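*Asks:* Line by line, the protein sequences are chains A, B and C.
Note that my numbering has the first sequence beginning at 31, numbered continuously upward.
Note that my numbering has the second sequence beginning at 663, numbered continuously upward.
Note that my numbering has the third sequence beginning at -10, numbered continuously upward.
Because the hints were derived from the structure by calculation, they are not lab data.
All figures in this text were calculated on a predicted structure; none of them were measured in a lab.
Please note that the accuracy of each hint is not assured.
[Unchecked claim] Covered by chain C, according to a simulated footprint, are these stretches of chain A (three or more residues, beta-carbon under 8 Å):
| # | region |
| --- | --- |
| 1 | 47 to 59 |
| 2 | 70 to 82 |
[Unchecked claim] Cross-link-like lysine-lysine pairs, in silico, PhoX-like; alpha carbons within 25 Å at most:
| # | chain 1 | residue 1 | chain 2 | residue 2 |
| --- | --- | --- | --- | --- |
| 3 | C | 243 | B | 860 |
| 4 | B | 835 | B | 702 |
| 5 | B | 787 | B | 835 |
| 6 | B | 774 | B | 787 |
| 7 | C | 243 | B | 746 |
| 8 | B | 746 | B | 913 |
| 9 | B | 702 | B | 902 |
| 10 | B | 789 | B | 913 |
| 11 | C | 130 | B | 746 |
| 12 | B | 774 | B | 789 |
| 13 | C | 246 | B | 860 |
| 14 | B | 886 | B | 913 |
| 15 | B | 860 | B | 789 |
| 16 | B | 746 | C | 246 |
| 17 | B | 970 | B | 789 |
Glycine residues also receive a C-beta, built at the ideal position from the N, C-alpha and C atoms.
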Amino acid sequence: MSDTQWQIFEVFHQQVRGEPHVYVGSVHAPDPEAALILAKEQYGRRQASVSLWVVPEDAITATSYEDVDMFDHGTDKSYRESFGYETTKRIKSIVADRTESRGEA
Amino acid sequence: MVRVSPTRGGQPGLRGDKPGDPGYEENLAAFESRVSRGDKVEPGDWMPDAYRQQLIRLIHVHANSEICGALPEGGWIPNAPSLKRKLALIAKVQDEVGHAQLLYRAAETLGKSREEMIEELISGKAKYSNVFHYHAETWADVATISWLIDAGAIVNQTMMAEGSYGPYARALKRICYEEAFHLTHGYDMCITLATGTKLQHDMLQDAVNRWWKPIMMFHGPGDKVSRHTDLLMRWRVKMKTNDEQRQQFLKQYMPKIYQLGLTVPDEWEMRFDEVEGVWRYREPDWDEFLHVVRGNGPASALRLRTRKMAHEDGAWVRRALQSAAGQSAVGESVAGAG
Amino acid sequence: MSTGTTFSAAGDIQGEERSALIDLLYRLGDDDLMIGHRNSEWTGLAPILEADIAFSSMAQDEIGRALSYYRMLHALGEPDPDTIAFTRAAAAYRCASLASLDRSDWAFSTVRQYFYDVATTRRLALMADSSYTPLSQFVRKVGGEQKYHMMHSRMWVVRLGKGTDESRLLMQQAVEKAYPHALGMFEATEWDAVIAGSGIGPCEADVEASWVEEVAEHLSASGLAVPTNVEPTYGGRCGRHPEELGCLLEEMQKVYKLEPSAPW
């Protein structure tokens, strides 16, 4: 049997409850449970932790950086953002108009 | 990790990555423009083969240096003269093993397996830092290594953490954080020895005397001797020349060395040039440096023998866990009682 | 059995209870120091990087605990922790032989660590309500760390026990070698009855009984045979040690003794 360094697991770490799990690095381990036990000391020995995840590296499917342009927006998408609207400006103008017309009366 | 690119065939990142390949010049221009903007290069990106090979070599040597660096200091763990020093030294050497783990992984993302890299280390094919080719002869050597060599390493690694390759830069950020503890602990040890009894002070001075040559060589051959520097700096594989790093180290640490009442050997003719604001010194013998890093230092044979033995002694363990992983339900017995 | 008295600080405990407590703390501290020292010898040399890092943490935890027990001793009028750790002759140490034996190979080191972790877990559980408040407070603080020790060492025993024929054989040999020394951890001292009677800690027979049961179960689940009719290796608790301890101490005290009165 060839001398392996075991398979790779990617490690995700949560510092406090309520925060997301964040990718911190990898360990070589023979199986998921051993990966957790070994990752605990490589990634949790200084940082505060409440939870660790390990995921076999080959279970991850990723986009290619060559296709990074697919994240670009070809058309104006401001309609789905709050900055795409001018409600404050509009309401100010309405209030101003009203005040003005009351003054005229 | 599987990278999906439905629009193009072949393995992403590897196409046309050598001069003369179709599309090379165009890809290179885009790559260099990204790097010069300060953007990071990530695994799976197109990169020139020369960039990939240089980085693999560089990170591999760095990883080897961490794992070989664990040996001279690790050897003194059983002799550490107080419980606090013992704990700190174990933690420091543990960090070095941890750094090797992070660095081998960063190199793996460029396409070379850890098996291969460890194999090349123990067969003597791959290099590691010049300083670990020397023996740590006394406890004061441990203090000197931990203070001055780690200081030199921090100069190098802080700079490299700004480099262009994402996984290496990420690993280095964490490494620098941990090295800061090593440096402080090393400084603390040196302060204790320097201000201790005559025996302790002399022991430290002797260590500094013996380590000064390897320390002066640590950042590598001077800029007149070193090749490839321009290209590596353009690709942000390297951010400062060897001489620039050495100057930075000397500016920061020579005053601290003198402050502790220590000296460095006269033969180096160290003096601060007030006009130019740089340290002057006798140029190290770079032929000797190359001779040492090629495996001919006083401790080179011992280092490789120790690493080889540790690797071979552990083979049955790696095999057994590989085999156990193939069997089902092996994990159920771990979490249970206790 | 306990008298119900609580000793909230070093000044509150006198007479034979004080002597019994000192005896217990030396055993706890010396065990942790020696096994920690042995485990630390793996730092940089373990079978794989990830295992190296984790095992080194075991060593740090153990030496850190030794330091804590020695601090408790110092509060009781014994010398300072470094003097306790670095200046005694072999016969003055109270560690079980299991803790001081050479690190040998990975099979022996992991089996020893497993045996030690089970004993420590059981002992800590039985000391969580110790009548000596500084001890009960400390024990509760390290409970979580010890839980990880247990997961870690159980993992190694079952993975190597169920690994290959080669690993099973090496593990079985390690079990046979370590088992008598492990039973030696439960050698009762003259203070055993006072310790249990005053509620400072458990009597050794109780720790041993629960140890034997748990170890048998996990060894079997790991495909390893449980040794039977084993003669325990006693002596450590009264200062009779294997030769290995002498060598260990020589190494450990080497630098300290260059300038015993100076800080390092």
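*Asks:* Among the hints numbered above, which are violated by the structure, and what are their numbers in rising order?
*Replies:* Structure breaks hints 5, 8, 10 and 15.
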